[in-house]
Each structure stands twice: as C-alpha cells, then as structure tokens.
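2 protein chains.
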Amino acid sequence: MTEKIARFFAENRPATPCLVVDLDVVADNYDRLHGALPDARIFYAVKANPAHEILSLLVERGSCFDTASVPEIEACLAAGAPADRISFGNTIKKASDIARAHALGVGLFAFDSVEELEKIAEHAPGARVFCRILTSGEGADWPLSRKFGCEPEMARDLLLRAAGLGVVPYGVSFHVGSQQRDVGQWDLALSTTAAIFRDLEEKGVTLRMVNLGGGFPTRYLKDVPTSQEYGAAIAASLRRHFGNRLPETIIEPGRGMVGNAGVIRSEVVLISRKSNREDDRRWVYLDIGKFGGLAETMDEAIKYPIVTERDGGATEPVIIAGPTCDSADVLYEKTDYRLPVDLKIGDTVSILATGAYTTTYSAVNFNGFAPLRAYYI
Amino acid sequence: MTEKIARFFAENRPATPCLVVDLDVVADNYDRLHGALPDARIFYAVKANPAHEILSLLVERGSCFDTASVPEIEACLAAGAPADRISFGNTIKKASDIARAHALGVGLFAFDSVEELEKIAEHAPGARVFCRILTSGEGADWPLSRKFGCEPEMARDLLLRAAGLGVVPYGVSFHVGSQQRDVGQWDLALSTTAAIFRDLEEKGVTLRMVNLGGGFPTRYLKDVPTSQEYGAAIAASLRRHFGNRLPETIIEPGRGMVGNAGVIRSEVVLISRKSNREDDRRWVYLDIGKFGGLAETMDEAIKYPIVTERDGGATEPVIIAGPTCDSADVLYEKTDYRLPVDLKIGDTVSILATGAYTTTYSAVNFNGFAPLRAYYI
Numbered sequence: 003m004t005e006k007i008a009r010f011f012a013e014n015r016p017a018t019p020c021l022v023v024d025l026d027v028v029a030d031n032y033d034r035l036h037g038a039l040p041d042a043r044i045f046y047a048v049k050a051n052p053a054h055e056i057l058s059l060l061v062e063r064g065s066c067f068d069t070a071s072v073p074e075i076e077a078c079l080a081a082g083a084p085a086d087r088i089s090f091g092n093t094i095k096k097a098s099d100i101a102r103a104h105a106l107g108v109g110l111f112a113f114d115s116v117e118e119l120e121k122i123a124e125h126a127p128g129a130r131v132f133c134r135i136l137t138s139g140e141g142a143d144w145p146l147s148r149k150f151g152c153e154p155e156m157a158r159d160l161l162l163r164a165a166g167l168g169v170v171p172y173g174v175s176f177h178v179g180s181q182q183r184d185v186g187q188w189d190l191a192l193s194t195t196a197a198i199f200r201d202l203e204e205k206g207v208t209l210r211m212v213n214l215g216g217g218f219p220t221r222y223l224k225d226v227p228t229s230q231e232y233g234a235a236i237a238a239s240l241r242r243h244f245g246n247r248l249p250e251t252i253i254e255p256g257r258g259m260v261g262n263a264g265v266i267r268s269e270v271v272l273i274s275r276k277s278n279r280e281d282d283r284r285w286v287y288l289d290i291g292k293f294g295g296l297a298e299t300m301d302e303a304i305k306y307p308i309v310t311e312r313d314g315g316a317t318e319p320v321i322i323a324g325p326t327c328d329s330a331d332v333l334y335e336k337t338d339y340r341l342p343v344d345l346k347i348g349d350t351v352s353i354l355a356t357g358a359y360t361t362t363y364s365a366v367n368f369n370g371f372a373p374l375r376a377y378y379i
Numbered sequence: 003m004t005e006k007i008a009r010f011f012a013e014n015r016p017a018t019p020c021l022v023v024d025l026d027v028v029a030d031n032y033d034r035l036h037g038a039l040p041d042a043r044i045f046y047a048v049k050a051n052p053a054h055e056i057l058s059l060l061v062e063r064g065s066c067f068d069t070a071s072v073p074e075i076e077a078c079l080a081a082g083a084p085a086d087r088i089s090f091g092n093t094i095k096k097a098s099d100i101a102r103a104h105a106l107g108v109g110l111f112a113f114d115s116v117e118e119l120e121k122i123a124e125h126a127p128g129a130r131v132f133c134r135i136l137t138s139g140e141g142a143d144w145p146l147s148r149k150f151g152c153e154p155e156m157a158r159d160l161l162l163r164a165a166g167l168g169v170v171p172y173g174v175s176f177h178v179g180s181q182q183r184d185v186g187q188w189d190l191a192l193s194t195t196a197a198i199f200r201d202l203e204e205k206g207v208t209l210r211m212v213n214l215g216g217g218f219p220t221r222y223l224k225d226v227p228t229s230q231e232y233g234a235a236i237a238a239s240l241r242r243h244f245g246n247r248l249p250e251t252i253i254e255p256g257r258g259m260v261g262n263a264g265v266i267r268s269e270v271v272l273i274s275r276k277s278n279r280e281d282d283r284r285w286v287y288l289d290i291g292k293f294g295g296l297a298e299t300m301d302e303a304i305k306y307p308i309v310t311e312r313d314g315g316a317t318e319p320v321i322i323a324g325p326t327c328d329s330a331d332v333l334y335e336k337t338d339y340r341l342p343v344d345l346k347i348g349d350t351v352s353i354l355a356t357g358a359y360t361t362t363y364s365a366v367n368f369n370g371f372a373p374l375r376a377y378y379i
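Here the protein sequences come in this chain order: A and B. So in this note's numbering, the last one in the first sequence is 379, and the numbering has no gaps at all. So in this note's numbering, the last one in the second sequence is 379, and the numbering has no gaps at all.
So that you can see chain A by itself, here it is in the shape it has in the complex:
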C-alpha cells in the first residue's frame, strides 16, 4: 500500500467496502511499460478500470486505448483521447456498434472470423483491421478459453480477403492470457505471427502491425517478472522472428497498468466456527465478496494479498467469504490464507492489488448491496 493511500484511509475513514486507486502508481506503471518496450505503442485495456481519472491521466501521457464497447469508446473521447488513438478491440461487435465507432472516428478494429470481417467492411469501410489468433494461454492465472481468436491458417486466409472487401489488412493480434507469468509464451505466438506476415508478403499483402495483447501480470501473492524482463524477452523474440523488418508493435496492458495501484478496504463482518471443535477452521466473512467486485476470485484464480491492522503476531488458516446469502460467494477455501489469531469483528482489512477488474465487475444490486465505491487520488 502506498503512503498516499494509507494517508487517505487514515484521514477520510471512508465507508467500506471501497477501492482507493493511487494515480501516481498508474503513471509510474505507464512510464515503466513505455521504458521496457520503447518501440511499442501502449493501448490501455479500458475494461480493466474505465475511471475517468485514469483515462485522463493516460491521455495526457500519450497512451492509446483498447476498447470493448461503444460506451468505452465514448469514455475515452470524453477523457480527451483523439479517435485515432482508440482501437475497437472486441472481436464480438454488433453491426450498429461498428457503425457508431466508425462515425466517432475510430479506424482500427479487431476480428477473428469472416463474419465479423464482413460486418466491419460494411459498417466501417476503409478501416484498418487486425486478426486475432488463438494461443494456448499456458502459464496464465486467469483462464483463457478458445473464445477469442482463430487458427493461424484461417487468420492468413481472412487477412488476404480483407483488402478485397475494402478494409486495410493491418496486422495480427494475440493474447497470451491474463496474468501471464511465463515470458516465453510471447515467443511462441510471435513465431506464428511472423509466419503469417511472410505468407502474406509472398502474396503481395504487407502487414504492418503486431498487437502483443496484454497479460502483463500484477504482483499478487507470488512474485512476477518485471516489465524490463518482459520487454527484453519480447524484443529478442521480435528480432529472432522478424529480423530487420520489425513491425509496428502495440501492447494492451490492463492489469499491468492499474492492478497494483488499488487497495480495497473492507470490514470484517463475522468470524465464526461451524462446530464446537476448537480445531475447526474459522470462517472470516468480509463486507465484500465475489459479487461486490472480487469476481476474479472465481475458482480462486486471482489470489489477492490481504493485510490487517494486527499483522505481525500469530496467524491461523482461515476460510474467507463474502457477505451475501449466496453459497458460492466464498473467496478462498482451498488456497492457504492465514490471518491473525486476534483478528476481530469490526476490524478493517486491506485487499491489495485490486485496481483492475474490480469496480466494473461489481454486481449492480445483488442482495441489496450497492456497487463498489471507488476513490481516485
């Protein structure tokens, strides 16, 4: 937790649960990512946290934006981003939304199927398009399904077809999986991508851009490689597979840009046992759970560090759950979480590295609880 956040909590004692994001950390993350991959343009994945304060800060620093929907595009424009710095990166778009984005000046669109390519060609003629390819997602903490992307052979065919449809075949994108801790995963995807570039070049189509996606991890319970390590590994892979003809590159950090900038403050509502046995593990119920912003604890995928005001003494293993009447609203039961033996009902706890994928995941009104409040300082 940064000093600024600690001071905010001390001075304001905001009602819990709430998220506080230190904008200096976001700025620092931007600079560090930019330093690690100086030749790549940064497209911030707005879905990670679309707060106006974050978007404005990134606009000023020169960031571009990867958006998932028209409201996200509008949020970027409202924060001062020029339309040519916005990419419509969702491969699943309604025709009406493509048309709206086109009308707003957005000129860069993702696709992974002939159906989507045809929609873009019809509703955003002349746009630059990039095709997303499938990757395995091995090494990532947040599951990566086959939902996005197509097989490389299909991507090659579709990019060849794009020019004939009146759009510009611009490049290839992939995503190695969110919270990807294996830097080598980018190499495999870049090798496949370079092969597509070569194939198309032979057929007279020159692709320009490789979209390296996101996946840059935040430090939760385990250590993760630094931005520098990622940058060095990716730069080496680019040279290895593209030689002297380096493409434009873009990256789409979301978690890596804002994850470690936020802290959620929560209150302990109840600590109890299920039986009279003293060795029965205690349950600690917080006033935030899976439906109040911590959706990424699904299957205990993301393991947030939790600190308390009583840290330093004896601890015991606990099960941590949310405040709703939903039996699935358990945060950590299999993972070995330990909390102080003398933790009390009414204490506050701080859930670290919660700047990404929390506020907007929050349910609108589940069990009558309001969505997560957030402060950007």
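Just so you know, these hints were derived from the structure itself, not from any lab. Be aware that one or more of the hints could be misleading.
[To be verified] Simulated pairs of lysine-lysine, BS3-like, Cα-Cα distance not exceeding 27 Å:
| hint | chain 1 | residue 1 | chain 2 | residue 2 |
| --- | --- | --- | --- | --- |
| 1 | A | K346 | A | K276 |
| 2 | B | K336 | B | K224 |
| 3 | A | K276 | B | K205 |
| 4 | A | K205 | B | K276 |
| 5 | B | K224 | B | K6 |
| 6 | A | K336 | B | K336 |
| 7 | A | K336 | A | K224 |
| 8 | A | K276 | A | K336 |
| 9 | A | K305 | A | K224 |
Fit chain B to the given chain A structure using the hints.
Only chain B this time, still in chain A's reference frame:
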C-alpha cells in the same frame, strides 16, 4: 414463454438484452406454493428478484419476506410490507445493520454462530432468533458450500444460550440447496431439526418454528417435481418427525417464486468458427453473458432453455458465449446445447426461466455494458 410476454416483445420490440417478467406467473406461483404447503408461511427470498412490482404483488397476496440486507428490508417496507412480515435471514450482518433493522421494526433474525447471536442480542434485544444448521446440499444444481449454518450440536447449544442473552430462541432453519430436485432431502434435515426441538424441550426451552428454507426448483432443461409433490413430501416428513406437536413452518422460495416468470431476450452478435474445418463447432455469441445477468451459468450450473425464431428445423451443437472481452465469459461449452443451423447474426433468442438471480447479479458496467434492463408486466 407466456402469451403476455410474447405479445410484449412483438408490440414493443425492446432493445436487447432485456428481461421481461410476467407478474401473473409470480401470482400463480405464490398461490400454488401456498396451496401445496397451506400451513407454511411464505417468506419470499427477496434476493432472487427485488423488483418493486414483485414485492408489491406479494405484499397484497399476504406474503412475508426473507431479506439479506438493510436495502432489501427498506425495499419491502417501501412496497407496503409491515415490518413483522420481514425476516433478516442473512447469517452475516454488521452490528450497525442489525440495529437499523431493529429500529425499522424487524423482529426475526437468523444466526449460525455465537458471535452473530451476541451481536443480535446487543443490537436487537428481545428479537426472535433462529439458528441455521448445515445440510449436505446433495441433489442441488447450485453448489451449497459450508458457508451458512453450523453443526446441529452447536445449534442446540446456541439456542439454549439465547434466552440468557435476552433474545427469544425461536426455531431452526436449514437450506437443502438451490434448485433441489430430490424431495427426500427435506426429510433428513427435518429429522435433525426434530431432534434439536426434543433436546431443548427437555431442558425447558420450547422452540416454535422450523424454517424449511428454499430450494424449490424452476424447470430449466430438465423436468422437476411439482410444488404438490414437494408439499406432500414435506408434510409427511413433518408428521413423521414431529408427530402431533407440529411446529410453525415457514418456507423461503426465491427461484421457485419468480424463476419461470421471466424471459430474457438477447440478440445474436456473431456466429463463427475457429478454423477452416467444416466440422469445427460453431460459436454463437449473444449480447448477454455471465457478467450481464447470467452469472448462474458459472460452471454451467444452471442450464437455461434457449429458444429461437427458427426452431423446428435442423440443429447443430454450438458453444454459447457472452459479448465481453473476458475469456471466462462463456455460457455453455460442455453442456450439449443445439441451435438451428440457419440461425443468423442479428436474430433474437429467448432465454427462458430467467426471472430469478439475473437482474441483480448483473455487473454494473463491465466492458462498458449497461446492467440488464427489466420490464415487469
């Protein structure tokens, strides 16, 4: 889908995604549950769908209400429910919320630990309290963890202790698991409950009430027993375990009250394949997903029937996914869903039995998408 809902869609063509709830079906469900268990008081589980229209209708019919939070209590009062028809059924409550409920006139509280019992005694002196016991949850579609309830031996000790703390030991509650299709599960829990009643009677404490919880299922893809079958089985179990000294009983239907009353209308955003192979399963992407109201598709637990305007012809197996950039936003991949071969992008589909646990589960702004709109007709 009822005629009334079909007519609403035809006449209003509302923007998708949206939920339409037929209030006549809710009224009918209430009457049927009341008929099936005429001696039980019905406490509607507000969390299933807290819409004002539903609460008002149920107030008029004489229903009581099971609430999870102060905002839910306030919603019931706003709909005209007297405070003595409201139970604060969440076993995880902040002291300040207990005090607030008490001030609003609520006099019936759930607990499952000594810590919660002490909070209630301090902040709602004189209240009637009931202790929730653990059950296995076998036979239920929606997972039931050990999050709620304590072992029966502990429940007995706590209820014995309650009177000394200045609250009224009123009864025992259990929950056999949401969408419970095995009517026999109530018998096991009632046997345990009757033993607690006898134990306490011997020690001079007379419990009055058995809270049978919810669990009454809605028909999704599979057939479920009728309300009558549940009612008959539960009545027989009560006679078997309590003999002539039948306790007051209450039930807490949520899904069973509103599940089958609602239909979600959604648009097909994209249909595509991941490769050039013709035998590759097609992906159908809807404009609603796991974060837009269909959270209960988590692990494909709840399998909603999906109907289209093109039903009747040839079908093919499909993977069904939501519109967000989240790779976990896949609704059905393992379950064998089939949709028409001639289904087209831009078609609408109807997702049936979606009246419960949809609107409030909806994320507040994930990927920029607005929460689920709903109409109550």
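Flag every earlier hint the structure violates by its number, smallest first.
none
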